[in-house]
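There are 2 protein chains.
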Amino acid sequence: MYLEHINEPKDVKKLNIDEMKILAKEIREAVITRGAKHGGHFGPNLAIVEATIALHYVFDSPKDKFVFDVSHQCYPHKMLTGRRLAFTDEKHYADVTGYSNQHESEHDHFILGHTSTSVSLACGLVKARDVKGEEGNVVVVIGDGSLGGGEALEGINFASELRSNMIIIVNDNGMSIAKNHGGLYKNLQLLRETEGKAECNLFKAMDLDYVFVKDGNDLEAMINALKDVKDVNHAVVVHIVTQKGKGFKPAELDRESWHYTGAFDINTLKPLGYDENEPLKENYTAITANYLLKKMKADKKVLIINSGTPAAIGFGAKQRKEAGTQFIDVGIAEETAVALASGMAAKGIKSVYGVISTFVQRTYDQLSQDLCINNNPATIIVYYSGMLGGGNDVTHLGWFDIPFMSNIPNLVYLAPTNKEEYLASLEWSIEQTEHPVAIRMPAGEVISSAEEYKKDFSKINKYELTQKGEALAVLGLGSFYKLGEEVVELYKEKTGKEATLINPFYISGVDEELMEELKKDHSLVITLEDGVLDGGFGEKITRYFGNSDMKVLNYGLKKEFADRYNIEDMLKKNRLKAELIVEDILKI
Amino acid sequence: MYLEHINEPKDVKKLNIDEMKILAKEIREAVITRGAKHGGHFGPNLAIVEATIALHYVFDSPKDKFVFDVSHQCYPHKMLTGRRLAFTDEKHYADVTGYSNQHESEHDHFILGHTSTSVSLACGLVKARDVKGEEGNVVVVIGDGSLGGGEALEGINFASELRSNMIIIVNDNGMSIAKNHGGLYKNLQLLRETEGKAECNLFKAMDLDYVFVKDGNDLEAMINALKDVKDVNHAVVVHIVTQKGKGFKPAELDRESWHYTGAFDINTLKPLGYDENEPLKENYTAITANYLLKKMKADKKVLIINSGTPAAIGFGAKQRKEAGTQFIDVGIAEETAVALASGMAAKGIKSVYGVISTFVQRTYDQLSQDLCINNNPATIIVYYSGMLGGGNDVTHLGWFDIPFMSNIPNLVYLAPTNKEEYLASLEWSIEQTEHPVAIRMPAGEVISSAEEYKKDFSKINKYELTQKGEALAVLGLGSFYKLGEEVVELYKEKTGKEATLINPFYISGVDEELMEELKKDHSLVITLEDGVLDGGFGEKITRYFGNSDMKVLNYGLKKEFADRYNIEDMLKKNRLKAELIVEDILKI
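So the protein lines, in turn, are chains L and U.
The numbering used here puts the first residue of the first sequence at 47, with every later residue one more than the last.
The numbering used here puts the first residue of the second sequence at 47, with every later residue one more than the last.
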């Protein structure tokens, strides 16, 4: 066992090639074992083992600085930089985040979990080093899938301008999370086929020096290549070809499914906790895919766009095949996705862009300029939003879509509260031709009213009064409508009084007529939303009542970057529990 | 005079080559004359005259669809598509916007004024055409300067995936608004030098077909090249070399200054209304540049970053020379600019990113992920914000920075109200090491207190109580502080009572202690901000008081996309006048 003796990078340097090869095996086993027990990014970490050992063997971190794009391939690096216990000892699995993190180790320089940022961030390290007259190499590791993102291409274009040392390792395992999309992948293929010799070379066309390594899983080849580029005085791309999932057959064969994994049974490969006798639980992702597939079949003008995360929006290989050319994956290029949706919608196509809350923020300007100024009737489905639906890593929070989207003019942002409302809003949005519409997919367990939902959505900002009471009105937005029901119920239990319950549905505007009505026989309004309070829905309501005697309490999330939070703790901390809210109400 | 007979594109087709050459001359004269009298984009429109005539001669708009990137080169197109009067008749100059606009003409397909969006938008047109089984070419005209933006590179990478007709005219006049930055410009140069024959070709590396036209101002060459690519069944780049400012000597010689011009005297070239005996008025842009230049000289660790608009942030050729390598222009690549600023700040560099309000929204995700999650102490100066400072074209509004920036955790967003406050906040921000800080440059005429401003900015969210009164408190944010002063004064005049006046300074948070104080002897709070109300500063204040008896009125801008507005009208419409506000107050 060599890994247990690696406490810092310099311990790697003590090993000879054969020992390092055993170390590689140990690292791989740790990735697999931890993946099975704990889940995490899987295929990319298996691919990068030898390259990472070579990096630490050839370079001297932290004097030499490594930046791992999107962090999907940083586990071996973490193991070699004092964090091995978090990968070898089950008790310590949760000691580290799944991402690069400078607060964990001096060998990390950024918290990063969004794709395509590494080269541009590294340009900052290069410039800082040079201005301060320091030494050391700046090394980026970026996967081929991340290359197509706008920020990555901007960064690669800019890197040569620094006229200084920067080593960009393009880790080419032939795919993104899913299949790669974009013309540049043809060039990578050409370069692989010609062993880097083709004259037409994307990187050279961006004024970068270029080196090719045929087998990035060949430790000696990697060491030699890195030794060659160490201390170069300009920007160089080292294009290495690695095998995604290497060392774990199922992951080698089905590279998309094994990009990331939840905990699984190492023998059956089935997800832990999975009981095949249990019927599969319905979930909103599958509901969406099923609805869209049916819709596409019935109408050739319905086109679905996605940006590099097809399975996450319910379009695995099977669904993609079924959708055929009506499903478009633009690769990790959210900006192009929105522009494409807008361009198609401008000419009568019913375009639907499915995107995860934390990633839709990668295209704010296109939402505003390409889509909303043009007022084209595209539909955006925002997946995994809020605290209930979003990721709980600091880089993947789904809390911010309300502030950054609902304040863009022309955009109608909807928050259905259950399955039937959700499907009805999708249907309306896809068929209407007046507005760009975004729909916040409900989070958590599927709630079904089992009744067909009828609403004239075209009456923009017309909220739904579910229960008419007096004195107290509760506005429960989207996934927090259920909390609203609980509040109203508990309030009745405690006071015997019937409160008003409202399903606002429209995140992006205020139902002024209904709010005016409330003034007559209500004195307190409560808003509930699963997002940060600042710039959110509740504040619009509060502003509306600013000049009245109505008291308004806004419930939602504090503006902060929380990391790996526990939902229950967050709910309590933000007083998002029926008993806490009723306690507040009774105090007033 | 041929131009006066061109009422639609098909009229162009009636002309022979010699007649079209005369038409080119007429169009050029119209651009120059209108530019002198009215101002507008200048150099790019002079460069594209022949290409545009060729486009309309060879293709059939609107069946064939043209998309002009950023619209900086759309005037000749407008002249040939029924809008010539707006260029030849002074009375009609204001009939058209300066940008592409589908509401003006069926020959335009999008409102667009932000760079690098054209290819991705055009992908939507291509797909819509194909799904509907329609005919026609989709043609993009994109300047070389726009190529470096993330969305453009994403789009160029994606275009070949459509496997369908798309013609991308890369209009290479050898510069962006200012000098081009990025490695790809080396490749354009190589292609120019080899007349398109170099094997290493950025566009081919993106799987695009490629054609080179040596002289894009040669009408016949352009016609021949376009005839050759018409109706191709795949995506092709037509790389044309044109001369920026062609036909107007000063613009040919100083291409940066003449990219855009205000109205000028055609003989002296001096700006209209300019009186050389009048001392130059101080403005915040020059104040900023002067301060930064001095700061850079004193401290080699101060670095200024800009993204393709150096002159607009006060760094013309002279200032850039003075700043030397401490001034970095990344080209039109806002995402890289923020990442670079963050990366440098992470390692102790005092990085300052100067950016225009309407463009900083092109990098929301990087503000959130690359900068604020990492909490690196970079400074962002937001130029030309608000209604008072921003552009008044719908694509260039400066009203949205407060909602999309101030609700990002960790970012401290400051709104100084005068010159001394501004300089003090810059100084603090650059020297502090705790927070990412954005500073909203004050808008409009420079206001000076003529006193050194001292404030402990590190007490985050500590507002400034300027005048203590009772009953009424006015919070005048940034450029609207002055309006706050007027309100308080007029209120006193009308009622004899002294109101409280507050300079909040911190856009991104609430001074809870001070607000708590107000509860004691105030019953009404007024907030004033130069930005949309939705998601803005005022709503945070209102939320704070939601559960109290305090009444709060928020003044700011209605959420809308206004186009070419008149400031005075907008102020009135939004009741942003002291007399209207006091009228409202007295009603309560």
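A couple of the hints might just be wrong.
Since the list gives no way to pick out one identical chain from another, each pair is judged satisfied if it fits inside one copy or across any two copies.
As the list claims (entries may be wrong) - No more than 27 Å apart at the CA atoms, straight line, and that leaves these computed lysine-lysine pairs for DSS-like:
id, residue 1, residue 2
1, Lys59, Lys273
2, Lys633, Lys597
3, Lys295, Lys514
4, Lys393, Lys327
5, Lys633, Lys565
6, Lys273, Lys465
7, Lys566, Lys597
8, Lys347, Lys56
9, Lys633, Lys566
10, Lys393, Lys276
11, Lys137, Lys276
12, Lys327, Lys343
Derived from the structure by calculation, the hints contain no laboratory data.
Structure-based check of each hint:
Only within a single protomer do Lys59 and Lys273 lie at most 27 Å apart by alpha-carbon distance; the minimum there is 13 Å, versus 63 Å between protomers. Both within a single protomer and between protomers do Lys633 and Lys597 lie at most 27 Å apart by alpha-carbon distance, with minima of 12 Å and 20 Å respectively. For the identical chains of this complex, Lys295 and Lys514 are neighbours neither inside a copy (60 Å) nor across copies (74 Å), given an alpha-carbon limit of 27 Å. For the identical chains of this complex, Lys393 and Lys327 are neighbours neither inside a copy (38 Å) nor across copies (49 Å), given an alpha-carbon limit of 27 Å.
With identical chains, the CA atoms of Lys633 and Lys565 are at most 27 Å apart both within one copy (20 Å) and between copies (18 Å). Neither within a single protomer nor between protomers do Lys273 and Lys465 lie at most 27 Å apart by alpha-carbon distance, with minima of 57 Å and 53 Å respectively. Both within a single protomer and between protomers do Lys566 and Lys597 lie at most 27 Å apart by alpha-carbon distance, with minima of 13 Å and 18 Å respectively. Within a single copy, Lys347 and Lys56 get their C-alpha atoms no closer than 59 Å, and across copies no closer than 31 Å, so neither meets the 27 Å cut-off.
Taking identical chains as interchangeable, the C-alpha atoms of Lys633 and Lys566 lie at most 27 Å apart whether they share a chain (22 Å) or sit on different chains (20 Å). For the homomeric pair Lys393 and Lys276, the shortest alpha-carbon distance between copies (21 Å) is at most 27 Å, but the shortest distance inside one copy (52 Å) is not. For the identical chains of this complex, Lys137 and Lys276 are neighbours neither inside a copy (38 Å) nor across copies (66 Å), given an alpha-carbon limit of 27 Å. Taking the shortest Cα distances, Lys327 and Lys343 sit within 27 Å of each other inside one copy (25 Å), while across copies they are farther apart (65 Å).
When held up to the earlier numbered hints, the structure conflicts with 3, 4, 6, 8 and 11 and fits the remainder.
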